[in-house]
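The sequence shown maps to residues 32 to 378 in this note's numbering.
Derived from the structure by calculation, the hints contain no laboratory data. One or more hints might be untrue.
Taking CB as the label site, the calculated pair distances span [what the hints assert, rightly or not]:
1) 214 - 93: 25 to 35 angstroms
2) 100 - 189: 47 to 57 angstroms
3) 49 - 130: 18 to 28 angstroms
Nothing here was measured: the structure is a model prediction, and the numbers come from that model. All C-beta atoms, glycine included, are put in the ideal place defined by N, C-alpha and C.
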Amino acid sequence: MRKYWVLQRKSFSFLIDKKTTVSIIALTLAAVAAMLISIGVGDMYIAPWDVFNALIGTGLDINQLIITEFRLPRVIVAFIAGASLALSGAILQGIIRNPLASPDMIGITGGAGFAAVAFLTMFSDDSNNLLLSINYLPLFAFGGATIVAFLIYALAWKDGVTPIRLILIGIGLMALLQALTTLMMLMGPIYRASQATIWLTGTVYGTSWNEVKALMPWFLGLIPVLVLLVRRLNIQGFGDDLTKGAGISVHRERFLLLMVCTALAGSAVAFAGAMGFVGLIGPHIARRISGSSFGGLFPASALIGGIMVVLADLAGRTLFSPLEVPAGVFTAAIGAPYFIYLLFKNQ
32 MRKYWVLQRK SFSFLIDKKT TVSIIALTLA AVAAMLISIG VGDMYIAPWD VFNALIGTGL
92 DINQLIITEF RLPRVIVAFI AGASLALSGA ILQGIIRNPL ASPDMIGITG GAGFAAVAFL
152 TMFSDDSNNL LLSINYLPLF AFGGATIVAF LIYALAWKDG VTPIRLILIG IGLMALLQAL
212 TTLMMLMGPI YRASQATIWL TGTVYGTSWN EVKALMPWFL GLIPVLVLLV RRLNIQGFGD
272 DLTKGAGISV HRERFLLLMV CTALAGSAVA FAGAMGFVGL IGPHIARRIS GSSFGGLFPA
332 SALIGGIMVV LADLAGRTLF SPLEVPAGVF TAAIGAPYFI YLLFKNQ
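Please build the complete structure, drawing on both the sequences and the hints.
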């Protein structure tokens with residue numbers, strides 16, 4: 032038993048390693064810089080110093096209006112969505128012990144996407160008017176992600192849930208959801224199909240403070256839960272037998288972590304669309320920087336995921352101006368080649 036307690040104490044380490052701490056500080060500064068650049072760049076360029084003055088309330092009125100009402104909420108939602116997706120991917124990779132696991136690979140974001148497309152299709156009339164307020168879209172998306180997570184866990188249960196069954200069931204459900212989503216788009220109005228396609232790609236266009244107020248509690252409320260669970264997730268990396276020997280209920284912890292993963296991914300997709308590959312790439316880059324301990328991996332993944340989506344959104348609204356490209360196009364353009372690289376690397 033002494034060996035198990037030593038493992039638990041070691042797995043509880045949280046940002047005490049000097050290299051990890053320096054990496055987290057550097058990533059935090061990079062995230063702040065990316066957000067400031069994104070706030071200042073657009074149709075009207077605002078210098079970094081003027082951005083800072085506007086944020087503290089001493090800048091020009093026109094700068095404050097542009098930043099506080101249009102750009103700042105968009106950047107905040109982009110960062111939180113990216114951080115949530117990356118954290119979700121880090122949790123899944125820990126649960127399944129597979130470096131290729133992510134919420135979009137096992138159908139969680141697919142469930143959110145299908146529910147959102149179903150909402151746009153079923154509640155549209157012949158005049159392309161929605162019968163329900165568009166404000167219900169995030170609720171449907173989050174509900175879809177949650178239902179799919181429950182289905183994955185229930186279908187994978189056979190005297191317990193093993194990582195390999197979890198990922199195989201998830202891949203199967205993902206394929207089914209993609210087919211159903213396509214069918215739903217074909218059945219609905221053409222205008223709604225176009226709107227659904229943009230949303231499924233992933234975008235934070237038109238974000239306001241209402242979205243920030245709705246998304247922030249999910250993110251801030253789940254962070255303390257992850258802090259409490261980080262030790263147990265580290266222990267799970269040693270295998271189920273050793274985890275049970277340490278006095279931890281493997282299946283209960285796995286289910287709880289899956290629900291936290293779903294809440295993070297579902298809330299992100301609900302407000303920013305189905306950003307592809309963020310949940311896969313973020314944890315991988317973070318693992319190279321901070322190591323495999325989840326105490327350092329979680330904050331590093333969140334910061335990298337947030338930076339990715341903020342920069343993708345910046346590229347989408349500036350590179351092809353006046354045309355605005357969804358941020359998900361750029362995350363997929365980076366993520367797809369990286370995914371192929373991981374496949375070759377992991378044989």
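Quiz item: Is it true that residue 214 and residue 93 lie within 25 to 35 angstroms of each other by Cβ?
Solution: Check failed, 48 angstroms falls outside 25 to 35 angstroms.
Quiz prompt | Range hint compliance [Cβ, residue 49 to residue 130, 18 to 28 angstroms] | solution = Taking Cβ atoms as reference, residue 49 and residue 130 lie about 26 angstroms apart, which means the hint holds.
Quiz item: Quick one: are residue 100 and residue 189 within 47 to 57 angstroms, going by C-beta?
Solution: holds, 53 angstroms
Hint 1 from the list above is the single one not met by this structure.
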